[in-house]
Amino acid sequence: MGQRKTKKKAWEWFEIAAENNSAYAHQMLKISVANNGGIHPYYTEYADFWTWYEKGALAGVPIAQYEFGAREEGRVNTIVRRTYGPGSKEYYKQMSIALEWIEKAAKQGNSNATNHLKDKISNLEKNYESGRYPRIAAMELAIMHFKGLGVQKNRDKADMWIEKSGYAKPFFGKSFLDSFED
368 MGQRKTKKKA WEWFEIAAEN NSAYAHQMLK ISVANNGGIH PYYTEYADFW TWYEKGALAG
428 VPIAQYEFGA REEGRVNTIV RRTYGPGSKE YYKQMSIALE WIEKAAKQGN SNATNHLKDK
488 ISNLEKNYES GRYPRIAAME LAIMHFKGLG VQKNRDKADM WIEKSGYAKP FFGKSFLDSF
548 ED
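Okay, so the sequence shown: first residue is 368 according to the numbering used here, each after it adds one.
Honestly, the hints are just simulated from the structure, not real lab data. Computed from a prediction, not measured in an experiment: that's the story for all the values here. Each residue gets a CB set at the ideal place from its N, CA and C atoms; glycine is no exception. Careful, some of the hints might be misleading.
So the derived label-pair ranges between C-beta atoms look like this [what the hints assert, rightly or not]: (1) 522 x 376: 34 to 42 Å; (2) 380 x 464: 26 to 34 Å; (3) 425 x 530: 32 to 40 Å; (4) 522 x 445: 26 to 34 Å; (5) 388 x 493: 32 to 40 Å; (6) 496 x 520: 20 to 28 Å; (7) 456 x 376: 25 to 33 Å; (8) 441 x 386: 22 to 30 Å; (9) 382 x 526: 41 to 49 Å; (10) 475 x 386: 14 to 22 Å; (11) 382 x 527: 45 to 53 Å.
Pairs of lysine-lysine, PhoX-like flavour, derived with a Cα cap of 20 Å [stated by the list, open to error]: (12) 487 x 524; (13) 456 x 514; (14) 474 x 493; (15) 531 x 456; (16) 485 x 474; (17) 471 x 493; (18) 474 x 456; (19) 471 x 422; (20) 485 x 456; (21) 376 x 460; (22) 520 x 531; (23) 471 x 460.
Kindly produce the complete structure, drawing on both the sequences and the hints.
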């Protein structure tokens, strides 16, 4: 009886702290939900898990920004790619948004985010060179160079990667990269 009430109260305090941008509270809520509600057994839905990442990301918490971006990247790679196709403009727009969250975390010193972006660039370059989804790899590299995600912003390199993708500018129209402008 007392333990359940204590756990419920602890959850309420973690929620208050998280709403006040406590990175620790966001992390504890995330872990709790991930462990099937370790503190609060009622928060077991994936949507709740996602909500806490998003709240933390919007509040500027680097851990949450990284986790939200990484999970969003996974969603884009599965659901969006299957729905719209890997070469679709929607796929690249959504991937760009996911990577922007990871970049925000990296700029605040989150080492997981920094490493994630470095690894992504390296893997995309390897995929292009080895012929493993080279068009997708080249387009993602174009976007990363265009927006400065994990690399120095460089329009010339972005244009080069678009050309290497085989889609070139006519694929999406002349202003494909410009559609990613903030």
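Mind listing which of the numbered hints don't hold for this structure, in increasing order?
Hint check: 1, 7, 14, 17, 18, 20 and 21 fail, others pass.
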